[in-house]
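Chemist: With chain A held as given, fit chain B onto it using these hints.
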Amino acid sequence: MNIVESVPGAIENAAQNLDVESDWVQKGGVYWFTSQQMDVRELATAMNAIHARFVTITATELPGNDGFRLEYLWDLGGKLLGFTFHISGNSIDSIYDLCEAVDWIEREVHEGFAIDFAGREYEPLLLRPGDKLGVNLREVAK
Amino acid sequence: MSYKMPMGPYHPALEEPYKLDMICEGETVQDAKLHIGFNFRGIEHLAETRNYIQVVALMERVCGICSNIHTLTLCQAMEQLTGLTPPPRALYIRVVMAELERLHSHVLWAGIAAKLMGFKTMFMECFAIREKVMDVLQAISGNRVNYSMNRIGGVNRDIADPLAVLGMVEQLEREMVSTIIPIFTTSTTARSRCAGIGVLTHEKAVSCGVVGPTARASGVPQDLRRAAPYAAYSELEFKTPVEEAGDVRARLLVRALEIMETCGILRQALAKMPSGPIDTGEAKVVFSAGTAVSRVEAPRGEVMYSVSWKENSRNPARVHVRTPTFANMPAIRYMVMGARLADTPLIQASIDPCYSCTDR
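Residue numbers (this note's numbering), protein chains in the order written: chain A, 1 to 142; chain B, 1 to 360.
To be clear, the hints were calculated from the coordinates, so they are not data collected in a lab. Where hints are given, some of them may not hold.
Computed Cβ-Cβ distance ranges for the label pairs, DEER-style [claimed, not checked]:
{"no.": "1", "chain 1": "B", "residue 1": "G196", "chain 2": "A", "residue 2": "N65", "range": "52 to 58 Å"}
{"no.": "2", "chain 1": "A", "residue 1": "A49", "chain 2": "B", "residue 2": "P12", "range": "44 to 50 Å"}
{"no.": "3", "chain 1": "B", "residue 1": "Y10", "chain 2": "A", "residue 2": "V25", "range": "20 to 26 Å"}
{"no.": "4", "chain 1": "A", "residue 1": "H51", "chain 2": "B", "residue 2": "K4", "range": "35 to 41 Å"}
On a predicted model such as this, the values are computed, not experimentally measured, just so you know. Glycine residues also receive a C-beta, built at the ideal position from the N, C-alpha and C atoms.
Just chain B, with the same shape it has in the complex:
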């Protein structure tokens, strides 16, 4: 006899509210339906009521983990409409902030995954390191969550001493190499809890249009930093880790390897950072009417902003945000089908979902 087992909207396994209704036979999940909208704030509508300065601050609040990515994508779109090109130093600072945010996001996710594996010691290790990543972000921006770094035509704050930040990053890298990376890639606990569960096949990943580490763990080698480079990524060398298995362990491995690549990108960007101004110095910006689209590779995958402007307007006519979790979440249904009920909290967490982003 089948029965329905709801998980959420408020549940110990969920970091934010959403609902997964699972149809089970015994302990096996046969099918599932997802319900979102518990964090809906109408941000796209609110954006139409804000001017070009206010809208940057507003969109930074779409997500608490990747707040910088949202303003970066928005500013890149608005720069297309204004014809402004940020100076080289600003582009490098944008890379540093984006990669520190990726580090922060991946380590945070690793902690949550460890908790859901029942690996509480690892959870504490991850969150201790995450605090140190946030210390670096605070040292640069003065803030720990909403960094307010991006503006149209550049960034708001300089990195006065890149080599000092480089020292902090190298210390972080040493700690991660000695703890998170070996444990997640070789420990029996992580392997036994993650291998072979929550499989998303390559075909289904392509069909669902999933993005980011979720796609790369199913053998889809997409990464906008390579395919459509923005900021200063075209001047930096890095690899895009791809795994083929499509299970939770593959998503774990992809993120662990990405942490190492991110540290490499940070080292290069901080060492090569050019001197010069950090913005265009324009006191007033003029928008041309039309639509501009910008995409970046956020920690969870591709973020897309479509921004439309009317002639002589201070406010956008339309801001549409397509977040990575919005693309990835429908695939959870296929990941949990056939899974044991007890594995579903870890499976749904393995896409690193952000429901605030999804709902907007």
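This is chain A alone, in the form it adopts within the complex:
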């Protein structure tokens, strides 16, 4: 039995809505979607279509100059769906216009890692005064 067959039907639906060949891997409490073909805005549209609830984005700086890993998490009936994006630069499309709940976490990641979520405007920094980005969690600033 493969992973898709072993998880609830709702997750299979999620895979179908994404319309790409993929597998789900259940690991560390999350059903991870392991396709390299994903676009973050298509993902947000697919999650809206299946009425998944946005949970958060976890950003991690990769060693060396390998960029960042962004893990987008949605809840679907108690199952946590995870989608990983690696960005080599410091920019990724914003999904704020598709998913209102992402607003503050995009602002926080922008502030903590100096990652730009393209296509949105930022209000003043969320957690710290001033105008310096990336001073909280980005390695260069530690």
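Modeler: Same frame as chain A, now just chain B:
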């Protein structure tokens, strides 16, 4: 003519500092902006500098009200990375601590809400009962705020005599049934101050991704204890109160009903508590590299920890915390739009905000 009315960061209506800038026309709020960060401590960064024992103590300090929930969520994530499964008795003790903390948090919130309603007598009643809840927590853990109960693979302290704790819980339940519950559900004062104000519609609650009692008061029936059971919740029976109105009164009712459900869960957990060890007894734990995510239903809603570990490391590579208030606070903007200025302190308090959690 419109004008800007700031509330905070330091204001009698706020239990902790944050700022709500409201654009008003006369006495009516037209729009609002929220500013946080006054309690920012860089805890996620600090976590990367602590080992697997120290990080538990550190994350317990994220929040003073739901400190136990933070260590529970963190330990559950770390248990996934270590492959350790806590014994059944430890899982029941975790439920008891989590539900006592919910009781404590809801009664504390009820007191603050009563104060903001101008119902000072009720504030005193709530805080008197809250002291007794803290007495029970102290009787179990030896502490009143940071309980230090959770560890990787179990809990640090046993409940030696669950039936004695059960007696204390039943006494608490009797007091709440005779005071807090009837007053908050039927009194004219509570109804007139709370009904119809600070409405968050079902659609907006879904759109904003709000969690916990704030979501359930807007007709969103989410509760991780049911949807994704952890600890021993799958073995316990309880209801998830849901209200449809989305106003402050609905949030009040949801929490009042949750207090009753919590007492029921505590009675079951204390009566059914299995015998046996309270931890796995592992002297040394080994982490596998990777990421683990854990979620629990805190008093204010879903808490999520994402914990990443590198091979052969004693420290986490990354700890990310998504607290319920972080999810709920942006919705305050919609709750206060169209409200009377005088109602805004109660409206913002109705989500039971925790700014320390939010800022981390």
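Chemist: Determine for every hint whether it applies to the structure shown.
Modeler: For each hint, the structure was consulted:
1. B:G196 - A:N65: 52 to 58 Å: At 56 Å between Cβs, range holds.
2. A:A49 - B:P12: 44 to 50 Å: Holds: the Cβ-Cβ distance is about 46 Å, inside 44 to 50 Å.
3. B:Y10 - A:V25: 20 to 26 Å: 48 Å, violated
4. A:H51 - B:K4: 35 to 41 Å: Taking Cβ atoms as reference, H51 of chain A and K4 of chain B lie about 37 Å apart, which means the hint holds.
In summary, the structure is inconsistent with hint 3 from the numbered list given earlier, while agreeing with all the others.
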